[in-house]
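Enquirer: Sequence lines, in order, name chains A and B.
Take 1 as the starting number for the first sequence in the working numbering and just add one per residue.
Take 1001 as the starting number for the second sequence in the working numbering and just add one per residue.
Just so you know, the hints here were simulated from the structure itself, not pulled from any lab data.
Fair warning: there could be bad hints in the mix.
To be verified - If you anchor each label on the Cβ, the simulated ranges turn out as follows:
| id | chain 1 | residue 1 | chain 2 | residue 2 | range |
| --- | --- | --- | --- | --- | --- |
| 1 | B | A1110 | A | R171 | 51 to 57 Å |
| 2 | B | L1061 | A | P134 | 29 to 35 Å |
| 3 | B | A1111 | A | G92 | 26 to 32 Å |
| 4 | B | L1038 | A | P134 | 41 to 47 Å |
| 5 | B | L1221 | A | R213 | 41 to 47 Å |
| 6 | B | N1157 | A | A116 | 38 to 44 Å |
| 7 | A | Q181 | B | A1110 | 55 to 61 Å |
| 8 | A | H93 | B | G1123 | 41 to 47 Å |
| 9 | B | W1127 | A | E119 | 51 to 57 Å |
| 10 | A | I195 | B | L1216 | 50 to 56 Å |
| 11 | B | F1224 | A | E119 | 37 to 43 Å |
Yeah, the Cβ is synthetic: ideal placement off N, Cα and C, and Gly gets one too.
Chain residues, written in single-letter form:
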Amino acid sequence: MTAEPIIAIESVGKRYGRVQALDDVSLDIARGEVLGLLGPNGSGKTTLIRLLTGYLTPTRGRLRVAGHDTVGAAMQARRRIGYVPESVPLYGHMRVRELLTFMARLRGVDARDVGAAVERASARTSLDDVLAAPIRTLSRGYRQRVAIAQALVHEPDIVILDEPTNGLDPRQIIETRRLIQELRGERTVLVSSHILGEIQKVADRVAILLSGRLLAVRRMVDTPDLEALFLSLT
Amino acid sequence: MSALGVLLRKELHATFTSPVAYAIGAVFLLVLGYTFSLTLFFTKVASLTYIFHQMYVLLVLLTPVLTMRAFAEERRVDTLELLLTAPVPELAIVLAKFLAALTLVALMLAASGVYAVLLGVYGEPDWAPIYGGYLALLLLACLLVAVGTLASSLTENQVVAAALSLGAFLMLWFADSASYLLPAPLDLFVVNLSLIGHFTTFVSGSLFLSDAAYYLTLTLLALFLASRRLADR
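Just chain A, with the same shape it has in the complex:
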């Protein structure tokens, strides 16, 4: 008997006016797995992620997160997800601790547990030194860490990172990669990137998207040459 996937995407389509951003995508993601979503810009990675997080609603098909429909049971589904959007949106006027506390409370962490939750998330992302700093004064790398910390603060089952290494310097890229690797097994991670090397280094499986269609899903151990596979498919 196979375990039920923590994320189930069934024949999902998303259309913006005349543009078909996603077309008939089906994909299951197992608990504890790191899945890399690979594709060029405009291939539908962010749309698929936004459908999972409930930011968008599908034109057709359905998505389930930990058994909860992302439309019919949106609140239950969203509670299970920690999400880092590509643009790393944060409230610049808030201090780091303030933002983490706000996000923890918003995602339903009990008032008595918020302090400990913030400490845990900040320790995990090495933010202890800047907890009292206003976010607008932080570097791009620190802002990315804050974005990851706010995604982890409520201890979600699933962590979704949309292009997490965009705009980071080499050291920050390595740190982000290490963090994703640390989460393996402990949480289900969905990470998107248009850089093959990034996916190759962190993912257990890769799903390749092009023009809104899912072209292939492969285990990384069975795909020694991801570059060749990508070129053959696209």
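Use these hints to put chain B onto chain A, whose structure you have.
Expert: Chain B only, in chain A's frame:
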């Protein structure tokens, strides 16, 4: 604390740490103080009727500046995505922004209460129109802030949001004038949309449930539409 409480706390913090709130409050009270002194000096009558109409005009002009940031700014810097992917209903997000802005307006109205106190100390004002006037201003503020919040939910450009709000307020203000051009029974419907028509009866000390219902209905409609706008994605 509920999600609404958490969001409201964040919005109040954002509102009261912004210079916009203090600039608007200062302009409001400065203009009122000037008008109150002049009116009292010239008329020597212990009445706030003129001041209430002044406050009506100031609220129509200043509320768009107060509400234009609500969603437009969150859209512009993408933080709306953080809110809309949290396990929080859209209505709670709208209500938090509405209540935070309304709190500021209510504080401005409360601060203007000093003029009523002055009249009470040095004269013998008729209190019914004063109570009615403040009730009308509070209901008016609810409507203006709700429509301003709706306008802000439609765009990511703050100036466009302010222009939309001001346009809507002015259309409602002059709705009764437009009714002269319309055939029955449309004219009656448009007259009843008039912002000033429902306000004037309150300020004269006459309280009608229909006037209160007008403000509350439009307020709820605007808040509902704003939450639908957020949910439509």
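Enquirer: Next step is simple, just say for each hint if it's right about the structure.
Expert: Each hint, compared with the structure:
1. B:A1110 to A:R171: 51 to 57 Å: About 53 Å separates the Cβ atoms of A1110 (chain B) and R171 (chain A), which means 51 to 57 Å holds.
2. B:L1061 to A:P134: 29 to 35 Å: This hint holds: roughly 33 Å between Cβ atoms.
3. B:A1111 to A:G92: 26 to 32 Å: holds (30 Å)
4. B:L1038 to A:P134: 41 to 47 Å: holds (44 Å)
5. B:L1221 to A:R213: 41 to 47 Å: holds (42 Å)
6. B:N1157 to A:A116: 38 to 44 Å: Holds - the Cβ-Cβ distance for N1157 (chain B) and A116 (chain A), about 41 Å, lies within 38 to 44 Å.
7. A:Q181 to B:A1110: 55 to 61 Å: This hint holds: roughly 56 Å between Cβ atoms.
8. A:H93 to B:G1123: 41 to 47 Å: Given about 45 Å between the Cβ atoms, the range holds.
9. B:W1127 to A:E119: 51 to 57 Å: Between W1127 (chain B) and E119 (chain A), where Cβ atoms are some 55 Å apart, the hint holds.
10. A:I195 to B:L1216: 50 to 56 Å: holds (54 Å)
11. B:F1224 to A:E119: 37 to 43 Å: The hinted range 37 to 43 Å holds for F1224 (chain B) and E119 (chain A), with Cβ atoms some 40 Å apart.
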